[in-house]
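**Student:** Starting from the known structure of chain A, fit chain B onto it as the hints suggest.
Line by line, the protein sequences are chains A and B.
Okay, so the first sequence: first residue is 1 according to UniProt numbering, each after it adds one.
Okay, so the second sequence: first residue is 1 according to UniProt numbering, each after it adds one.
Just so you know, the hints here were simulated from the structure itself, not pulled from any lab data.
Careful: at least some of the hints might be erroneous.
[To be verified] The calculated label-pair distances, taken between Cβ atoms and stated as ranges, are: (1) 156/B x 197/A: 48 to 56 Å; (2) 32/B x 62/A: 38 to 46 Å; (3) 37/B x 131/A: 49 to 57 Å.
[Stated by the list, open to error] Sample of chain A residues at the chain B side, in silico, Cβ under 8 Å: (4) 102; (5) 103; (6) 147; (7) 199.
In this text, a Cβ means the ideal position worked out from N, Cα and C, and glycines have one as well.
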Amino acid sequence: MPIKLIGYAQSLPTRRVILTLNELGLSYELEAVTEIHTIKTDDFLANKHAFGKIPVLCDGDFTINESRAICRYLVSKYQKDAKIVLIPDDINKVSLIEQYISYELSYFDPPLTKILLQEVFNKRRGEPIDEAIVKQAREEIEKVLDVYEKILVGKDYLNGEYSLADLFHFPCAHYICTDTQQGDIFDTRPNVKRWLDNLRNRDAYKKTYAE
Amino acid sequence: MTIRLIGYSASYPTLRVIICLKELGLPYELEPPASYQSLKDEDFIANKHPFGKMPVLFDGDFRITESRAICRYLASKYQGKHNDIILIPKDVHKAGLVDQFISYELSYYDPPLSKLVYQEKFAKKFFNKDPDPEIIKQAHEELAKVLDVYEKLLEGKEYLNGEYSLADLVLCPGTNYVYGAGHSDLWDNRPNVKNWWSRLCNRDANKKSFEEIKSFWENN
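Just chain A, with the same shape it has in the complex (with noise of 0.2 Å):
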């Protein structure tokens, strides 16, 4: 039975785990949520996510919701299969890239997303820009870029080796260089720019993003 995520394929959570599958090398189905009433049916709140959220992916009889826990799911299933390594066997190693992922969720993802909702999604809805909070927002991330740039110095990737840590932050950094008028934030600092120039040369980035 191939492995069924349930997602928009747009949608940067949903992107998380895509990546995550192709770095692994393997086959699913998307079946496309392109409603959000059907999101919020009594059935799918009881059986496949209880907040009425995507993506959930569903592997046989076994369905796990929230991206970062679909994907590390995934890594601990099927990476012994794969020709990749997204978290290694070390304790120690392991839990530098569980902190990285936790910087992500902390202080890379908030300001970023607050861009994105004025740039992208209000744009969108025809709403007009705030741009007090884009000019708050991007001030914030700056500070926080700082940060990585010395996390990064002397390394591609933010545990040495590439990771589960890395593949989390790219969704949102790209879609911030695709779609909105700050992603001279990244180029304007040399490693971060290295390091996501590298994660974007990868088979399986340019495998997700041209589907």
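**Tutor:** Relative to chain A, chain B alone:
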């Protein structure tokens, strides 16, 4: 060499790690920072936490930050060694669901909860700001909707994933604060949630940790 934990026990991410250390039966030394301002010193940023936050844990030479990552590290390395408490199951499917519930805590439970912790416990005492009743009302309503979902999730279960796990632990410190700050109805009005919280409060690690905090608030 003893584990060193840098943080204030009153800060609930630090308390999260303290509960984890106690659950796993691990000795540790707590090193409170000199002040909140000292977290932004060059030395702290270079050698402890690049974003100037706590907690930070040193296990010998190994340094790790971010409370949930620290808990995962401690569980991976030490669970089952000093007692039989398992915070992250070995089975890949059970572990996956524990992860999913930890993500629920991050995504849905903690945002309104942390607003209430700040408003009710920290705003006046540490930052000399009056609590904002609008924010409190809105956060209370948001958390109520989240707990309606948890009420269903806990149907027929003692803990979120059946057996006690890291998924339950991560929300204990913040919940303790908000429960005791005039919002106990959020948990008490929902039978499954009420029983679950009562069960969690009866765990030794939580009892000891919550006692330590009580004396901090009484003395400061």
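**Student:** Would the stated hint for residue 103/A survive a check requiring a Cβ distance to chain B of less than 8 Å?
**Tutor:** holds, 7 Å
**Student:** Holds or violated: is the Cβ of residue 102/A closer than 8 Å to a Cβ in chain B?
**Tutor:** Status holds, d = 4 Å.
**Student:** So, residue 147/A near chain B? Judge it on the closest CB pair being under 8 Å.
**Tutor:** Interface hint status for residue 147/A: holds (5 Å vs cutoff 8 Å).
**Student:** Between the beta carbons of residue 37/B and residue 131/A, is the distance compatible with 49 to 57 Å?
**Tutor:** Violated, at about 32 Å.
**Student:** Close enough to count: is the Cβ of residue 199/A nearer than 8 Å to one in chain B?
**Tutor:** Since chain B brings no Cβ nearer than about 21 Å to residue 199/A, farther than 8 Å, the hint is violated.
**Student:** Falls inside 48 to 56 Å, the C-beta gap from residue 156/B to residue 197/A?
**Tutor:** Holds, at about 50 Å.
**Student:** That 38 to 46 Å hint for residue 32/B and residue 62/A (C-beta), does it hold up?
**Tutor:** holds, 44 Å
The structure fails hints 3 and 7 (numbered hints given earlier, in ascending order).
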